[in-house]
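Asks: Top to bottom, those sequences are chains A and S.
Per the numbering used here, the first sequence runs over residues 176 to 308.
Per the numbering used here, the second sequence runs over residues 3 to 499.
One should not assume that every hint holds.
Claimed, not checked - Pairwise CB distance ranges, derived in the manner of DEER restraints: (1) A:Asp284 x S:Ser481: 24 to 32 Å; (2) S:Glu171 x A:Gly235: 39 to 47 Å; (3) S:Thr172 x A:Gly202: 37 to 45 Å; (4) S:Tyr83 x A:Arg301: 22 to 30 Å; (5) A:Asp256 x S:Arg464: 51 to 59 Å; (6) A:Ala277 x S:Ile209: 35 to 43 Å; (7) A:Pro192 x S:Glu171: 33 to 41 Å.
Everything labelled a hint here was simulated from the structure, so no lab data went into it.
Remember, predicted model here, so these are calculated numbers, not experimental data.
Here a beta-carbon is modelled for each residue, glycine too, at the ideal position from N, C-alpha and C.
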Amino acid sequence: MTRKVLLRYTTQKATEPILASVIKETGLLLNILYAEFSTRGGEILLAIDAPDKEVDRVIGLFERKGVEVREIKRAIQLDRDSCFDCGACLSLCPTGALHFTADRSVELDEDKCIYCELCVPSCPARALKLSKF
Amino acid sequence: MNKSIAEINDRIRRGDAVVVTAEEMVEIVRERGEVEAAKEVDVVTTGTFGAMCSSGAWLNFGHADPPIKMQRVWLNDVEAYTGVAAVDAYIGATQLSETRGFDYGGGHVIENLIRGKPIEVRAIAYGTDCYPRRELETTVTKDDLNQAVLCNPRNAYQRYVAATNSRDETIHTYMGTLLPNYGNVTYSGSGSLSPLHNDPNYETIGIGTRIFLGGAQGYIFWQGTQHAPTKAMGTIMTIGNLKEMDARFIRGATIEKYGTTLYVGLGIPIPIINERVAKSTGVSDEEIKTDLIDYGVPRRDRPILRKVTYAELKSGKVEIESGEVPVSSMSSLKRAREIAGILKRWIQEKRFFLSQPVEGLPTDQVFKPMKQITAVPFVRDLMTREVVTAKPSDSIASAAKIFAERNFDHLPVVDTKGKLVGIVTSWDIVVAVGTPKKRLSEILTHKVITATEDEPIDAVARRLEKHRISGVPVVNARSELKGILTSEDLSRLLGRR
Numbered sequence: 176m177t178r179k180v181l182l183r184y185t186t187q188k189a190t191e192p193i194l195a196s197v198i199k200e201t202g203l204l205l206n207i208l209y210a211e212f213s214t215r216g217g218e219i220l221l222a223i224d225a226p227d228k229e230v231d232r233v234i235g236l237f238e239r240k241g242v243e244v245r246e247i248k249r250a251i252q253l254d255r256d257s258c259f260d261c262g263a264c265l266s267l268c269p270t271g272a273l274h275f276t277a278d279r280s281v282e283l284d285e286d287k288c289i290y291c292e293l294c295v296p297s298c299p300a301r302a303l304k305l306s307k308f
Numbered sequence: 003m004n005k006s007i008a009e010i011n012d013r014i015r016r017g018d019a020v021v022v023t024a025e026e027m028v029e030i031v032r033e034r035g036e037v038e039a040a041k042e043v044d045v046v047t048t049g050t051f052g053a054m055c056s057s058g059a060w061l062n063f064g065h066a067d068p069p070i071k072m073q074r075v076w077l078n079d080v081e082a083y084t085g086v087a088a089v090d091a092y093i094g095a096t097q098l099s100e101t102r103g104f105d106y107g108g109g110h111v112i113e114n115l116i117r118g119k120p121i122e123v124r125a126i127a128y129g130t131d132c133y134p135r136r137e138l139e140t141t142v143t144k145d146d147l148n149q150a151v152l153c154n155p156r157n158a159y160q161r162y163v164a165a166t167n168s169r170d171e172t173i174h175t176y177m178g179t180l181l182p183n184y185g186n187v188t189y190s191g192s193g194s195l196s197p198l199h200n201d202p203n204y205e206t207i208g209i210g211t212r213i214f215l216g217g218a219q220g221y222i223f224w225q226g227t228q229h230a231p232t233k234a235m236g237t238i239m240t241i242g243n244l245k246e247m248d249a250r251f252i253r254g255a256t257i258e259k260y261g262t263t264l265y266v267g268l269g270i271p272i273p274i275i276n277e278r279v280a281k282s283t284g285v286s287d288e289e290i291k292t293d294l295i296d297y298g299v300p301r302r303d304r305p306i307l308r309k310v311t312y313a314e315l316k317s318g319k320v321e322i323e324s325g326e327v328p329v330s331s332m333s334s335l336k337r338a339r340e341i342a343g344i345l346k347r348w349i350q351e352k353r354f355f356l357s358q359p360v361e362g363l364p365t366d367q368v369f370k371p372m373k374q375i376t377a378v379p380f381v382r383d384l385m386t387r388e389v390v391t392a393k394p395s396d397s398i399a400s401a402a403k404i405f406a407e408r409n410f411d412h413l414p415v416v417d418t419k420g421k422l423v424g425i426v427t428s429w430d431i432v433v434a435v436g437t438p439k440k441r442l443s444e445i446l447t448h449k450v451i452t453a454t455e456d457e458p459i460d461a462v463a464r465r466l467e468k469h470r471i472s473g474v475p476v477v478n479a480r481s482e483l484k485g486i487l488t489s490e491d492l493s494r495l496l497g498r499r
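Generate the whole structure from the sequences, applying the supplied hints.
Replies: Here's what the structure looks like:
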């Protein structure tokens with residue numbers, strides 16, 4: 176299962192090669208879903224496809240290196256009973272997480288979702304919901 | 003080769019009619035030509051499932067005791083029109099709930115009626131000798147109503163324009179959310195499955211044509227409003243028994259920051275009476291073109307960027323300028339296919355017979371713009387042309403002096419060529435006092451919300467409200483400063499009105 180963690184860097188930590196060193200130490204493929212840095216520090220959203228134990232180790236390593244880690248357990252849910260497969264959401268989805276299947280049904284690939292939430296209010300059928308748990 | 007509708011109905015009755023969907027017909031005509039196709043195929047079924055705002059339902063509640071002549075009536079807090087007889091009302095798809103706003107509207111009331119859900123009815127009246135009652139509250143389902151008739155003034159546009167947005171901000175339109183700088187394209191319509199595009203000369207479609215409407219059998223009873231056949235934008239008025247409909251094909255919906263609407267599922271069977279009709283039902287997505295329109299321009303005649311085909315739109319990517327842009331459909335192709343498939347099955351199972359129209363639809367009508375008797379003011383009519391400006395290198399102190407001497411709040415900052423590079427407000431000066439900052443270049447806002455001279459005032463008023471600002475510099479296409487328009491200029495206009 177893919178887990179997603181949000182890393183929060185302070186301005187001081189932003190210049191250190193922390194992510195690179197964690198990748199080197201664990202040998203895991205850490206996928207950057209998005210990254211943003213400004214004068215107030217930065218954020219990186221990572222998707223980690225690895226056994227739970229390995230992911231926990233990654234989280235521990237980041238924390239030890241002074242990065243704030245928060246596991247993201249929000250999820251966008253597509254209610255198939257309400258969705259009528261128009262596809263209004265598709266062009267708003269920056270990662271292609273929302274896409275058409277071969278028979279033109281709308282499908283959500285949660286692993287690709289970066290929780291930008293652009294799709295949620297734009298669904299005419301109100302079939303997309305953000306749930307936090 | 004000619005076939006009559008009576009002959010085709012005989013074949014349906016005997017169970018040997020050949021029925022195909024419009025998508026299947028594209029292949030048949032492509033492979034065998036229209037002459038063979040006309041011999042072989044008897045009926046082509048079409049389908050569409052999209053937002054059709056011009057929809058609603060006539061309801062009759064029966065009489066209460068003591069009776070009421072409804073003056074105003076609300077269904078689940080959505081007002082219905084009752085300016086007709088005592089207990090008749092029309093619930094329109096886009097009417098908003100008075101308590102839930104954009105989240106719930108007439109379209110949702112119609113869907114809930116079809117689902118058999120109870121609807122809260124509230125009415126008021128002035129009271130008469132024959133209808134003394136002045137207030138009423140009750141709950142009804144569709145079974146309690148005498149008539150519940152879906153009656154839509156404009157459905158099933160033959161095709162529709164595709165939308166994009168040149169502005170540098172996201173806009174919310176009836177064509178959905180349009181991202182800045184041509185960030186996406188939206189469209190509507192089922193292309194080769196489009197009911198009216200399969201018989202664009204109305205050789206078989208007319209008043210009295212029996213159709214699939216919301217999962218039931220309904221009828222075309224007139225040309226739709228804004229019917230524009232010469233522009234390939236024909237429309238139809240449709241009617242059908244809401245009580246027999248299926249909520250899978252009639253859905254209330256919300257278009258973000260625009261309003262509520264009704265998604266209507268509709269399909270028309272096209273009898274293949276001759277080779278011309280066979281040919282027109284063979285129309286492919288590659289052959290159906292529409293205009294890609296810039297909805298960033300808030301005018302009636304919006305600029306056309308280019309022509310696009312439904313094949314391109316359905317592919318999910320469209321080229322604009324030099325880049326590929328992602329496309330969203332506002333209507334559901336999957337459900338349009340389902341409708342064409344159901345209609346095909348109904349005919350094959352002898353549950354649906356074709357009707358002979360009693361009258362044709364106009365083929366030469368034009369859609370006129372509104373006659374207006376007062377001129378709409380534009381930015382150029384109201385803006386102040388003599389603008390005091392500053393240079394980025396000017397000192398904050400000199401700007402403070404200008405604000406103190408003159409009574410205004412916005413100081414546009416321009417470069418040596420007169421191009422707008424930023425703006426400073428009196429508030430920015432207040433904030434800068436007590437900091438070591440010296441030059442305007444250190445405090446000016448670079449990303450300036452602007453207007454152009456040819457924009458209608460209403461569009462700019464909306465922009466001021468949206469960004470909570472009190473003025474905008476007016477620039478031309480080269481960013482040269484032409485004037486300034488402030489909320490004070492707008493209040494002057496209100497005074498004149």
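Asks: Each of the hints needs a verdict: does it hold here or not?
Replies: Hints, verified against the model:
Take A:Asp284 and S:Ser481: their Cβ atoms lie about 42 Å apart, and the range 24 to 32 Å is violated. A hinted range of 39 to 47 Å for the beta carbons of S:Glu171 and A:Gly235 is consistent with their spacing of about 43 Å. In this structure the supplied range 37 to 45 Å holds for S:Thr172 paired with A:Gly202, their Cβ-Cβ distance being about 41 Å. A hinted range of 22 to 30 Å for the beta carbons of S:Tyr83 and A:Arg301 is consistent with their spacing of about 26 Å.
About 37 Å separates the C-beta atoms of A:Asp256 and S:Arg464, a value inconsistent with the hinted range of 51 to 59 Å. A beta carbon spacing of about 40 Å between A:Ala277 and S:Ile209 agrees with the range 35 to 43 Å that was offered as a hint. At about 37 Å, the CB distance of A:Pro192 to S:Glu171 agrees with the hint of 33 to 41 Å.
Checked against the numbered hints given earlier, the structure breaks hints 1 and 5 and satisfies all the rest.
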